[in-house]
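**Student:** Here are the chains, one letter per residue:
Number of protein chains: 2
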Amino acid sequence: MSQSPLLLQLIEALRCLPGVGPKSAQRMAFHLLERDRKGASILSDSLQQAVDHIGHCSQCRTLSETEICGYCSDSRRNDELLCIVETPSDVLAINQAADFNGKYFVLMGHLSPLDGIGPAELGLGLLEERLKEGGVKELILATNPTVEGETTAHYISEMAAEYQVVSTRLAHGIPLGGELEYIDGGTLAHAFSGRQKLL
Amino acid sequence: MSQSPLLLQLIEALRCLPGVGPKSAQRMAFHLLERDRKGASILSDSLQQAVDHIGHCSQCRTLSETEICGYCSDSRRNDELLCIVETPSDVLAINQAADFNGKYFVLMGHLSPLDGIGPAELGLGLLEERLKEGGVKELILATNPTVEGETTAHYISEMAAEYQVVSTRLAHGIPLGGELEYIDGGTLAHAFSGRQKLL
Numbered sequence: 001m002s003q004s005p006l007l008l009q010l011i012e013a014l015r016c017l018p019g020v021g022p023k024s025a026q027r028m029a030f031h032l033l034e035r036d037r038k039g040a041s042i043l044s045d046s047l048q049q050a051v052d053h054i055g056h057c058s059q060c061r062t063l064s065e066t067e068i069c070g071y072c073s074d075s076r077r078n079d080e081l082l083c084i085v086e087t088p089s090d091v092l093a094i095n096q097a098a099d100f101n102g103k104y105f106v107l108m109g110h111l112s113p114l115d116g117i118g119p120a121e122l123g124l125g126l127l128e129e130r131l132k133e134g135g136v137k138e139l140i141l142a143t144n145p146t147v148e149g150e151t152t153a154h155y156i157s158e159m160a161a162e163y164q165v166v167s168t169r170l171a172h173g174i175p176l177g178g179e180l181e182y183i184d185g186g187t188l189a190h191a192f193s194g195r196q197k198l199l
Numbered sequence: 001m002s003q004s005p006l007l008l009q010l011i012e013a014l015r016c017l018p019g020v021g022p023k024s025a026q027r028m029a030f031h032l033l034e035r036d037r038k039g040a041s042i043l044s045d046s047l048q049q050a051v052d053h054i055g056h057c058s059q060c061r062t063l064s065e066t067e068i069c070g071y072c073s074d075s076r077r078n079d080e081l082l083c084i085v086e087t088p089s090d091v092l093a094i095n096q097a098a099d100f101n102g103k104y105f106v107l108m109g110h111l112s113p114l115d116g117i118g119p120a121e122l123g124l125g126l127l128e129e130r131l132k133e134g135g136v137k138e139l140i141l142a143t144n145p146t147v148e149g150e151t152t153a154h155y156i157s158e159m160a161a162e163y164q165v166v167s168t169r170l171a172h173g174i175p176l177g178g179e180l181e182y183i184d185g186g187t188l189a190h191a192f193s194g195r196q197k198l199l
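Chains as they are written, first to last, in the UniProt record's numbering: chain A, 1 to 199; chain B, 1 to 199.
If you are wondering where the hints come from, they were derived from the structure by calculation, not from laboratory data. Note that CB positions come from ideal geometry on N, CA and C, so glycine has one too. Hints may contain errors.
[What the hints assert, rightly or not] Here are the simulated lysine-lysine pairs, PhoX-like style, with alpha carbons at most 25 Å apart:
1. B:LYS137 - A:LYS38
2. B:LYS132 - A:LYS23
3. B:LYS137 - A:LYS103
4. A:LYS38 - B:LYS103
5. A:LYS132 - A:LYS103
6. A:LYS38 - B:LYS23
7. A:LYS137 - A:LYS103
8. A:LYS23 - A:LYS38
9. A:LYS23 - B:LYS137
10. B:LYS38 - B:LYS23
11. B:LYS103 - B:LYS137
12. B:LYS103 - B:LYS132
[Claimed, not checked] One side of the interface only, derived from the structure: several residues of chain B facing chain A at Cβ under 10 Å:
13. PRO5
14. ARG35
15. GLY118
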């Protein structure tokens, strides 16, 4: 092989990125080496720093470089509302889109007994302690609308009921800008049974 | 902002990769931190090593971590054939596809006076010295079939003629597996005028 070994190593390493195959990895490697060596150095540093310092928040389990994350330590946020999500990217999505002012709890997955993911792996013990302490008035269950997500939401709502905490689930229905013609039957049925009074 | 600053820094840094926008960068960052921290560390090291050690071959100008690259130092390759390409990725492409056993010369671009890229920027002085030394019998001009690529090929072929070196250009025509109906007029005209005897 006449190709530079370091270059081949870089192309191989780039393939750990999701959605990057051999051709894209090659294009990225050549782009960085020919046109953006400074960007490559910065990326190298950022990756190492992120891997070394980012762990999980001890209260809500989201990715954080501090013991308590920025959401949990923010005193302007309402402690009485707790939004349960599956991943840290869901936190980011809700934060960018919704006018939500409460706190988060990140499961880092969903119940999936076949994969060995039970209540302990999702940190539900930590969540139960928080419910026991009181203070939380409403759990907003924002797990994904999949079979596993629904099961997880159901399990947590039963736990919440033991501590007299109200659970709510995000509304299902027609997405904004969607056309009725192209919406799947399940969503349409949900939207029908969940119809609301206009005035 | 409640989001971890190191995480935001990583998402921003990932955007230096070609074809990666804000959403992909976010997905990559979460994937690496949640599921592939080892891959992220390896990628960080590979990037730093590549940036620190990969320079250009002093003979053919391709990317190489050694003074003379693997192609130029390979004594089994034929010194009499010299293939001129625009970028190191073209070297890789030709090497993977064609049964070419000569050496390469990488321009790292094409003539483009408006962008300030003239013969000096493409290392044509280095190429001229090589032609002057003798030894090279044929220059294969494999620049891209664009206006700039054609101009560059023409310029180099005139230089080669001064030293009585034959220049050839890659054949234009219908790509394998292409359908006549969908091929652009220019290519079809080229394929017609360049038709060859079958037997």
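**Student:** Confirm or reject each hint.
**Tutor:** Going through the hints against the structure:
| no. | hint | verdict |
| --- | --- | --- |
| 1 | B:LYS137 - A:LYS38 | 40 Å, violated |
| 2 | B:LYS132 - A:LYS23 | 38 Å, violated |
| 3 | B:LYS137 - A:LYS103 | 74 Å, violated |
| 4 | A:LYS38 - B:LYS103 | 31 Å, violated |
| 5 | A:LYS132 - A:LYS103 | 17 Å, holds |
| 6 | A:LYS38 - B:LYS23 | 22 Å, holds |
| 7 | A:LYS137 - A:LYS103 | 12 Å, holds |
| 8 | A:LYS23 - A:LYS38 | 22 Å, holds |
| 9 | A:LYS23 - B:LYS137 | 33 Å, violated |
| 10 | B:LYS38 - B:LYS23 | 22 Å, holds |
| 11 | B:LYS103 - B:LYS137 | 12 Å, holds |
| 12 | B:LYS103 - B:LYS132 | 17 Å, holds |
| 13 | PRO5 | 7 Å, holds |
| 14 | ARG35 | 9 Å, holds |
| 15 | GLY118 | 19 Å, violated |
Taken one by one, the earlier hints fail for this structure at numbers 1, 2, 3, 4, 9 and 15, listed in ascending order.
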